[in-house]
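J.: Sequence:
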Amino acid sequence: DSGDFLKPLVSLEMLVLRENNIKRIQPALLFLNMRRFHVLDLSRNKVKSICEEDLLSFQGKHFTLLKLSSVTLQDMNEYWLGWEKCGNPFKNMSVSVLDLSGNGFNDNNAKLFFDAITGTKIQSLILSNSHSMGSSSGNNSKDPNKFTFKGLGASGIKIFDLSNSSIFALSYSVFSCLSDLEQITLAESRINKIEKSAFLGMANLLKLNLSKNFLGNIDSNTFQNLEKLEVLDLSYNHIWMLGYESFRGLPNLLNLNLTGNALKHLHAFATLPRLEKLYLGDNKILSVFYLIKISKYLTTLYLEHNILSSLSDLFTILEEFPQIEEIVFRGNELLYCPNERHKVLSQKIQILDLAFAGLEVIWSEGKCLNVFNNLHQLEQLSLSHNLLQSLPKDIFKDLTSLYFLDLSFNSLKYLPNGIFPESLQILNLEYNSIYSVDPNLFSTLSYLSLIKNDFRCDCKLRDFQTWLNQTNVIISHSIEDVICASPEDQYMVPVVRSSIQCEDEEDERNAEKLRLVLFIFCTALITLLTASAIIYVRRRGYIFKLYKKLIGKLVDGKREEPDPDQFLYDVFLCFSSNDIKWVERALLNRLDSQFSEQNTLRCCFEERDFIPGEDNLTNMRNAIQNSHKTLCVVSEHFLKDGWCLETFTLAQCRMLVELKDILVVLVVGNIPQYRLLKYEQLRSYIENRGYLLWPDDSQDLEWFYDQLLHKIRKNTKVKQTNTKVNEGEKNLDAANVQADTAV
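For what it's worth, UniProt numbering labels the leading residue of the sequence shown as 1, then goes sequentially.
One or more of the hints may lead you astray.
No more than 25 Å apart at the CA atoms, straight line, and that leaves these computed lysine-lysine pairs for BS3-like [stated by the list, open to error]:
#1 Lys158 with Lys207
#2 Lys150 with Lys196
#3 Lys228 with Lys293
#4 Lys228 with Lys264
#5 Lys452 with Lys581
#6 Lys85 with Lys158
#7 Lys212 with Lys228
#8 Lys413 with Lys367
#9 Lys367 with Lys296
#10 Lys111 with Lys142
#11 Lys207 with Lys91
#12 Lys264 with Lys193
#13 Lys121 with Lys91
#14 Lys121 with Lys61
#15 Lys367 with Lys393
#16 Lys111 with Lys150
#17 Lys296 with Lys348
#18 Lys296 with Lys277
#19 Lys193 with Lys111
#20 Lys61 with Lys85
#21 Lys714 with Lys678
#22 Lys460 with Lys413
#23 Lys228 with Lys121
#24 Lys264 with Lys284
#25 Lys296 with Lys284
#26 Lys397 with Lys413
#27 Lys581 with Lys460
#28 Lys348 with Lys277
#29 Lys207 with Lys193
#30 Lys158 with Lys121
Quick list of the computed label-pair ranges, beta carbon to beta carbon [unchecked claim]:
#31 Ala511 with Thr600: 37 to 43 Å
#32 Gly60 with Ala154: 15 to 21 Å
#33 Tyr244 with Val16: 50 to 56 Å
#34 Thr466 with Asp706: 43 to 49 Å
#35 Ser197 with Thr271: 20 to 26 Å
#36 Leu56 with Asn20: 17 to 23 Å
Quick caveat, the hints were computed from the structure, so don't treat them as lab data.
Bear in mind the structure is a predicted one, so any value in this text is a computation, not a measurement.
Glycine included, each C-beta is placed from N, C-alpha and C at the ideal position.
Between the sequences and the hints, there should be enough to build the whole structure, so can you do that?
T.: Quick look at the structure:
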């Protein structure tokens, strides 16, 4: 009983009382004065019953939404003796949407309830989540029949939701009493069978949803008596067989969804003269040869993820359907190309999706390069995930209306000049291998995406760098995400901030003249000092090589080498797996004896030397203990990798326990020191010990490699207090326990 606390709310329109443990609904008479009140939500309460005398205050009202979902109505079952006395709880009321979902209705008590509310005008009825409705519920329940909904015959229901029930079979004329029905949803209802004339009496039905059921076959009688049906959804059933003239009797069908079934052939379809949209994705279709028999007026055709292997199927669609506007062909592995030419009948084609189609296999053989010929109306084209390494010349020449192009997730290395049509506005080049690009290619664009490419930040990229800093094109990601992949000194540096150095020929000639003038007018001493300084700055890398050769001869080529019998490896390289390509080029090729006979170090790293099947911590610990030194390559990826940081901790513990400088740190990617100090595992080392930085100038590489080899080979004692040693031993013990107990 609502009492008087709502009395002042004469303009109340909506009342929500869900989950309030209400056991009886008996509104006060004050609701008679609430002329605007039209929405009531009483869901998730525990109401035993609702009778005519309970809702007297609602009589004469029209509810746009009356929500009585999951209120149990536990007394109103088939054995209740109060049905006759209860009367019609909705007497003299009308409802736009009546929600009775989740109330455990089975066939018997649903019939009794609907008989009780006979005559109540209801536009939309929701009876979803009635898991006891049907013989598949396992409660000795029956499937609904033509008498179940008889009480709703005069209600004028147009929309009926019976999804998530347990119906095994739709019986003869089961919904015949609902002659005004225009839309019915039976999705996820465990339906295995549709009996003959199941839809008898549903002459006004426009939309039928039977998705996510267990239907296995369709024949010519399955959908009889549905002459006005426009939309039929049979997606995600188990349909594998179509009887002859399947879907017969649907002259007005516009939209048919058969996605997610097991169809192989289309020859058994009846003609659907008005069909416009056909969805056949996620099936096992081998050919589209019989599609033309179904309907000549298709505008939308989805064939994604089937077993179509020839581009002739695409050509057939373009030649046979004059109204086609959208074709989705993704996920079909195309291996063959017809030799004959094809014509394009449709002048309305706007969307074509050829992602995941393996076009590189065909195009690399020089075949089917005319696939886009005469598609002047095409506006959107997707070619992502096609393993493309290059784009054939003039492949897009006929796409004069194209404004969206997706080339993401391929292996493109460069883009030919003039490859894109002038109409292009949106271009997706994410996840390719582009190393250089002419910014003039992007002159017509409004939106561009370029992340995850392999830009080579040399002189050829200078124009692109300038364009990137000045362009008005909207980059769909942060401009800092366009990064350099090479050379090594620019690795992971944003292109907009990379140091691209170019020597202009004219500037070089002017410098030579200047040096000549200085030679003439300056003293010998000044000339000598100037020349020496210039030579050192410009050729210090070469000078360092000469210095090393001279020192090598003076000391007779002898150098301190680690004892090969003491350790299995000279150095263990710890780095993020995302940096493997850079590490191989920059370090392993110069250090590891297995990469070059000129190298003398025995290197250990995860991808090659870890024992398969061992847990990661055990592998890391063994690698550290069996190596003379541990080299940690600290990059952005390293700092985000928990295993890398754990390896650093284990190596540092060993250093503190053995009092030997066995840990070498190399920082790459221009990471500032304050960033390193944010990581607790690195802080102590960074504050108290020296570490190596990858050189910004390529001339310093030889000096850097010399310093690195020296640090790896030399044996240096570490001075630590007893407290720190004990702390290191405890940390190492803890790490060993963690490694021994890791799963």
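J.: Has the hinted range 37 to 43 Å been met by the Cβ atoms of Ala511 and Thr600?
T.: Given range 37 to 43 Å: holds, Cβ gap about 41 Å.
J.: Measure nothing beyond the straight line between the CA atoms of Lys85 and Lys158; if it is 25 Å or shorter, mark the hint as holding.
T.: Judged against 25 Å, a Cα distance of about 30 Å means the pair is violated.
J.: Are the Cα positions of Lys111 and Lys150 separated by 25 Å at most?
T.: holds, 7 Å
J.: Holds or violated: are the alpha carbons of Lys207 and Lys193 at most 25 Å from each other?
T.: holds, 19 Å
J.: Between Gly60 and Ala154, does the C-beta distance stay in 15 to 21 Å?
T.: holds, 19 Å
J.: Decide if the proposed pair is consistent with the structure: Lys367 and Lys296, CA atoms, cutoff 25 Å inclusive.
T.: violated, 29 Å
J.: Would the pair Lys714 and Lys678 pass a check requiring their Cα atoms to be no farther apart than 25 Å?
T.: Distance of about 30 Å is beyond 25 Å: violated.
J.: Going straight from one Cα to the other, do Lys296 and Lys284 come out at no more than 25 Å?
T.: holds, 22 Å
J.: Hint check: Lys212 vs Lys228, CA-CA at most 25 Å. Holds or violated?
T.: Holds, because 23 Å separates the two Cα atoms, which is no more than 25 Å.
J.: For the pair we were handed, Lys111 and Lys142, check the Cα-Cα distance against 25 Å.
T.: holds, 12 Å
J.: Holds or violated: Lys460 and Lys413, Cα atoms, limit 25 Å.
T.: holds, 14 Å
J.: Is the distance from the Cβ of Ser197 to the Cβ of Thr271 consistent with 20 to 26 Å?
T.: holds, 22 Å
Checked against the numbered hints given earlier, the structure breaks hints 4, 6, 9, 11, 21 and 34 and satisfies all the rest.
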